[in-house]
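Once you've looked at the hints, dock chains B and U against the given chain C.
One-letter residues, chain by chain:
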Amino acid sequence: MTSEAENTRMAKSFLILGGARSGKSSYAEKLAEQSGLKLHYLATGRAWDSEMTERISIHKSRRGPQWQTLEEPLDLVEALRQLAKPENFILVDCLTLWVTNLMLAERDIETEFAKLEQLIPDLQGTVAFVSNEVGLGIVPENKMARDFRDHAGFLHQSVARQVSEVYFMAAGLSLKMKG
Amino acid sequence: MTSEAENTRMAKSFLILGGARSGKSSYAEKLAEQSGLKLHYLATGRAWDSEMTERISIHKSRRGPQWQTLEEPLDLVEALRQLAKPENFILVDCLTLWVTNLMLAERDIETEFAKLEQLIPDLQGTVAFVSNEVGLGIVPENKMARDFRDHAGFLHQSVARQVSEVYFMAAGLSLKMKG
Amino acid sequence: MTSEAENTRMAKSFLILGGARSGKSSYAEKLAEQSGLKLHYLATGRAWDSEMTERISIHKSRRGPQWQTLEEPLDLVEALRQLAKPENFILVDCLTLWVTNLMLAERDIETEFAKLEQLIPDLQGTVAFVSNEVGLGIVPENKMARDFRDHAGFLHQSVARQVSEVYFMAAGLSLKMKG
Chain C
18 MTSEAENTRM AKSFLILGGA RSGKSSYAEK LAEQSGLKLH YLATGRAWDS
68 EMTERISIHK SRRGPQWQTL EEPLDLVEAL RQLAKPENFI LVDCLTLWVT
118 NLMLAERDIE TEFAKLEQLI PDLQGTVAFV SNEVGLGIVP ENKMARDFRD
168 HAGFLHQSVA RQVSEVYFMA AGLSLKMKG
Chain B
18 MTSEAENTRM AKSFLILGGA RSGKSSYAEK LAEQSGLKLH YLATGRAWDS
68 EMTERISIHK SRRGPQWQTL EEPLDLVEAL RQLAKPENFI LVDCLTLWVT
118 NLMLAERDIE TEFAKLEQLI PDLQGTVAFV SNEVGLGIVP ENKMARDFRD
168 HAGFLHQSVA RQVSEVYFMA AGLSLKMKG
Chain U
18 MTSEAENTRM AKSFLILGGA RSGKSSYAEK LAEQSGLKLH YLATGRAWDS
68 EMTERISIHK SRRGPQWQTL EEPLDLVEAL RQLAKPENFI LVDCLTLWVT
118 NLMLAERDIE TEFAKLEQLI PDLQGTVAFV SNEVGLGIVP ENKMARDFRD
168 HAGFLHQSVA RQVSEVYFMA AGLSLKMKG
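Residue numbers (this note's numbering), protein chains in the order written: chain C, 18 to 196; chain B, 18 to 196; chain U, 18 to 196.
In case anyone wonders, no lab produced these hints; they're calculated from the structure. One should not assume that every hint holds.
Same chains, same names: a pair is fine if it fits in one copy or spans any two.
Stated by the list, open to error - Cross-link-like lysine-lysine pairs, in silico, DSS-like; alpha carbons within 30 Å at most:
(1) Lys160 with Lys132
(2) Lys55 with Lys77
(3) Lys160 with Lys77
(4) Lys77 with Lys47
(5) Lys102 with Lys160
(6) Lys102 with Lys55
(7) Lys77 with Lys132
(8) Lys160 with Lys55
(9) Lys132 with Lys55
(10) Lys132 with Lys29
Predicted model, so just to flag it, every value in this text is computed and none were measured.
Pulled out of the complex, with its shape left as it was, chain C reads as follows (with noise of 0.2 Å):
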């Protein structure tokens, strides 16, 4: 057992994971807010249209303006990289995102996971992965879709496998599945 002040001297890691309206974001938002840390919210989405320009305005308007946004839809690792300071708290939302960009950029998406997976334990700062788990519908007739939730499901697996607290999330309460 640690105590809370150790806990917040220790860099630490999650994955929350969760359906839409799952409360996904708010969850990462809360335990960011509560860290004490300087806070970057690192956007993977880009907005492609209407719908998504207006989630993406609903989402920054709840984040007060202590936050700093960056957006990077491809090269999140090396912005992590740069992000990762003992100082911060780096809110990466979403990989389902990432993922999907770098499927629509032609990117080797095995490389690109490996690299993410080996930088996790060596980062200095805080860091919150969300992602959407995409998997538990029936099998999608588009391959495409197919393809995307393969691809999201081993990206969960090597996320886990390095972050030190995993969350599944429903109807805005999260279940601890590791940590």
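What follows is chains B and U alone, placed relative to chain C:
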């Protein structure tokens, strides 16, 4: 810690969340039948087609004659207000169908959700809400399906904030998430 | 409480439930390899197409040569009856493919499920059933997909009633739901 006897004297409220055929309704019925209270089944579903008619009839025959059934596809909040008395256990089955009905009737979703969230802490009877978690698959291509799962997710969060116990069901088994 | 030694002497049975790429098969393989028993892989999948052939070959190469593999797409109950001996660990991968095969072959689903549920308590060997949870997305538009997820959900409930331990997997991590 409260004793069993105290628990049964207190007005409780439950959210039973789970996937298709996860045993949600059976679990809620068991909670109701163990309560010793008068049993009220508040059905939000309407028999639109033969598949639905069959599902409703299977559910009905499983419940015994000690259940009073009321169908209310839209005005759930008002129906709850009238039924909620200390001697009653009200099983609402299910919230996701209510969301569908509100969308089809073009009701103001946010207003309805706010009314429900406000009502729950004041309810005098015991209530169990059954609902489908629908947000853990691939993002649906259909805009109405996306809106539906957003509404359902927000509703689950707001109900989960107010009820005393939340369970996540799979394979007929329950995981306690709150309470 | 039983000791470790007693646990390994008792015939156990497991249901490992989870989404796509949630680490279900790996987890079941680990349980099997830690058992010290003879390892039998009972595959319900048939290589219908190149995607499936590849998935099967990846799974096969991950398992070592100490595994005996048997393919049985339909007569799972009979295959289990023959393999279930005290010295054997049988990994059934997976139940959802078995459901698909039964549907395509137009077998009587309820009869098959009842035969399986009846068999489990009498099995002499150790068995782990791997299966996909598919009921946590939007209701599928396709009637066959809806029937499939209903069947899968009912099967999970009936297997979960009989096995000694049930796990829900996400991101390669397990949540114990029973046992």
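Hint by hint, here is what the structure shows:
1. Taking the shortest alpha-carbon separations for Lys160 and Lys132, only the intra-copy value of 26 Å comes in at or below 30 Å, while the best inter-copy value is 35 Å.
2. Taking the shortest alpha-carbon separations for Lys55 and Lys77, only the intra-copy value of 16 Å comes in at or below 30 Å, while the best inter-copy value is 47 Å.
3. In the homo-oligomer, the alpha carbons of Lys160 and Lys77 lie at most 30 Å apart only across protomers (23 Å), although the nearest pairing inside one protomer, at 33 Å, exceeds that limit.
4. For the homomeric pair Lys77 and Lys47, the shortest alpha-carbon distance inside one copy (14 Å) is at most 30 Å, but the shortest distance between copies (43 Å) is not.
5. Taking the closest pair of Cα atoms, Lys102 and Lys160 never come within 30 Å of each other, the shortest separation being 40 Å inside a single copy and 41 Å across copies.
6. Taking the shortest alpha-carbon separations for Lys102 and Lys55, only the intra-copy value of 10 Å comes in at or below 30 Å, while the best inter-copy value is 50 Å.
7. When the C-alpha separation of Lys77 and Lys132 is checked against a cutoff of 30 Å, the pair qualifies both within a copy, at 28 Å, and between copies, at 27 Å.
8. Neither within a single protomer nor between protomers do Lys160 and Lys55 lie at most 30 Å apart by alpha-carbon distance, with minima of 41 Å and 37 Å respectively.
9. Within a single copy, Lys132 and Lys55 get their C-alpha atoms as close as 25 Å, which meets the 30 Å cut-off; across copies the closest is 38 Å, which misses it.
10. With identical chains, the CA atoms of Lys132 and Lys29 are at most 30 Å apart within one copy only, with a shortest distance of 19 Å there and 40 Å across copies.
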